[in-house]
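These protein sequences, in sequence, are chains C and D.
Positions in the first sequence are counted from 1; adding 87 to them yields our numbering.
Positions in the second sequence are counted from 1; adding 43 to them yields our numbering.
Because the hints were derived from the structure by calculation, they are not lab data.
Hints should not be assumed to be uniformly reliable.
[What the hints assert, rightly or not] Here are some of the chain D residues that sit facing chain C, going by a computed Cβ distance under 7 angstroms:
no., residue
1, A71
2, T75
3, Y85
4, A86
5, L90
6, N94
7, D142
8, V227
9, M228
10, A231
11, F235
12, L245
13, G251
14, A256
[Said to hold, decoys possible] Rough simulated footprint, nothing fancy, chain D against chain C, three-plus residues with beta-carbon under 8 angstroms:
no., region
15, 124 to 135
16, 158 to 165
17, 257 to 265
18, 280 to 288
Heads up, the beta-carbon is just placed ideally off N, CA and C, and yes, glycines get one too.
Next come the chains, spelled out residue by residue.
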Amino acid sequence: MADLAQHLRTYGQIAWLWIRAAWQYPTSFVLLAVGNGLITGLDFIGLWIMFAHLEDLEGFTLPEVALLYGSASLALACADTAIGSVERIGTYIRTGRLDQMMTKPVPLLVQVCADQFTLRRLGRLTQAGLVFGWACTYVDWTPLRALVAVSMLVSGALVFFGLFVGFSCIQFWTTDATEFANAFTYGGATVTQYPLNIFPREVMVGLTFVVPVAFVNWYPCLYLLGRADPFGTPEVFQFASPLAGLLTMTAALLVWRTGVRHYTSTGS
Amino acid sequence: MRGGGMLHVAVATRAFRRYSTYRAATLAGIFTNSVFGIIYSYAYLALWKANPTAGGYDAQDAVTYVWLGQALLMTIALWGGGTTDDLAERIRTGDVAIDLYRPVGLVGWYLASDVGRAAYHLLTRGFGPTLIGLVVFDIALPPSPLAAVAFAVSLVLAVVVSFAIRFLVASTAFWLLDQSGMKVMSGAFAIFFSGMMLPLVLFPGWLGTLANALPWASYIQVPADIWLGKHTGADLAAALGFQVMWAVVLLGACQGVLRLATRKVVVQGG
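Starting from the given sequences, assemble the full structure and let the hints guide the process.
So, in structure tokens, the structure goes:
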């Protein structure tokens with residue numbers, strides 16, 4: 088536990104250095120934050136335009152889809168802000184920067200995740216928070232639902248943490264296949280914007296047991312909305328998000344350890 | 044086209060080869076584009092199931108549109124980047140001063156290079172996802188040879204329009220030193236107004252009118268409508284004319300910006 092606190096403090100120190108560095112170019116900083124907010128903002132306008140042609144999407148209304156969209160987006164934004172730079176380990180390997188990091192007395196994963204930490208992703212965080220907040224006004228709240236909502240956001244972030252770290256590890260083997268991970272991280276985030284019943288049953292099974300993004304928002308949101316699962320899965324799934332988060336995270340850390348052990352420098 | 048033409052062909056060929064060295068990246072990209080193609084296909088199928096004639100498309104048009112978007116994403120460098128990233132980097136380091144005194148136009152040089160890049164991406168990340176779309180979903184092919192040829196022409200024009208916008212974005216580095224902020228902003232507009240996020244035919248009222256008039260419509264909406272056979276006769280000529288108009292206007296703007304920037308570079312160097 089003391090170790091974890093120490094790691095978090097080191098992470099904070101490295102992140103703070105990068106924030107101060109980014110402020111040296113204020114115009115670029117502001118443009119990047121606005122641009123990031125714009126990307127996600129226009130994303131939601133896309134959803135809204137879609138609903139200009141629809142009453143509901145396979146039985147889900149706009150506020151209900153907004154709840155799915157907002158919660159998944161918030162979870163992704165948290166993970167992306169905290170550890171998004173892990174995507175770049177391929178570059179660190181190619182340039183030899185990873186070798187430098189390995190010689191320092193700070194855990195490698197902490198260094199990689201905190202490296203080039205950027206607050207510009209606040210744009211996405213704000214936009215996701217606004218959409219989620221709006222959708223929340225349509226939920227019929229009970230104390231248990233509030234608890235499930237909080238656990239959903241934390242577990243969702245953990246699932247995305249795990250996906251970011253786990254799939255980035257592919258780069259220990261193929262340094263230039265960065266995009267492969269995007270299919271699971273950003274792809275997972277895109278899938279969860281929609282009610283899962285627009286997909287065939289096999290997709291839902293895959294998103295539950297293989298890449299568990301269904302636990303990021305789909306199952307807990309069904310509980311928040313008081314809806315039965317159109318696929319008829321057991322009700323206990325609606326409370327299983329923390330388990331999915333922990334499992335994904337554990338698996339990712341194991342893959343990370345294997346990757347680091349496997350790693351041999353490119354020699355550059 | 045005398046010696047200059049040969050030079051540009053050589054530049055394009057080199058760019059093609061340069062991009063073809065990243066094999067694993069290309070395969071990973073095809074995989075990722077296909078995953079997104081599948082996700083969006085199901086989303087659009089749900090939309091068109093609820094509203095079978097939305098935007099004048101049917102369900103097959105809509106799914107075809109999804110896969111065309113995934114196939115063209117890298118060819119037209121929708122997110123920005125491509126060879127104009129090299130330009131931005133050379134502006135930042137000051138190396139561009141050397142380029143400006145070469146006896147070859149900067150716009151032509153980078154355009155040739157970007158066409159080489161686009162050709163590579165079309166052959167790999169264009170055809171790859173299209174094949175997967177043909178196998179997994181029932182996507183439509185162009186209804187006539189004329190539509191296929193017009194699509195090819197439209198695609199070249201799309202690359203040119205996109206190049207000109209990316210060149211202008213990179214040029215902001217002359218003043219801002221760093222293009223990354225502008226690149227993200229411009230990427231956001233490109234995704235939204237090209238019809239990548241949602242076909243522009245679904246955009247309601249004034250938003251639709253605006254989106255269809257902006258240059259980004261040349262990226263995906265116009266080529267896709269030609270592929271789908273939505274434009275014929277005079278309408279087809281008008282669609283291509285729209286792209287030509289933006290290509291000319293924007294390339295002109297590139298030359299203008301470069302002239303302004305050159306003055307600035309000379310002053311700095313003085």
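Verification of the hints:
1. A71: holds, 4 angstroms
2. T75: holds, 4 angstroms
3. Y85: holds, 5 angstroms
4. A86: holds, 5 angstroms
5. L90: Nearest chain C Cβ about 6 angstroms off; hint holds.
6. N94: For D/N94, the interface hint holds, since the closest Cβ of chain C sits about 5 angstroms away, which is under 7 angstroms.
7. D142: Hint violated; D/D142 Cβ to chain C Cβ min 23 angstroms, cut 7 angstroms.
8. V227: This interface hint holds because 3 angstroms falls under the 7 angstroms limit.
9. M228: holds, 4 angstroms
10. A231: holds, 4 angstroms
11. F235: holds, 4 angstroms
12. L245: It holds, given that the least Cβ distance between D/L245 and chain C is near 6 angstroms, below 7 angstroms.
13. G251: Constraint on D/G251 not satisfied, violated at 9 angstroms.
14. A256: At 17 angstroms from the nearest chain C Cβ, D/A256 fails the 7 angstroms test, so the hint is violated.
15. 124 to 135: holds (count 6)
16. 158 to 165: Coverage by chain D is violated here, the residue count being 0 at a Cβ distance below 8 angstroms.
17. 257 to 265: Answer holds; 4 residues pass the 8 angstroms Cβ test.
18. 280 to 288: Result for this restraint: holds, n = 4.
Violated hints, listed in ascending order, are 7, 13, 14 and 16; each of the other numbered hints is respected by the structure.
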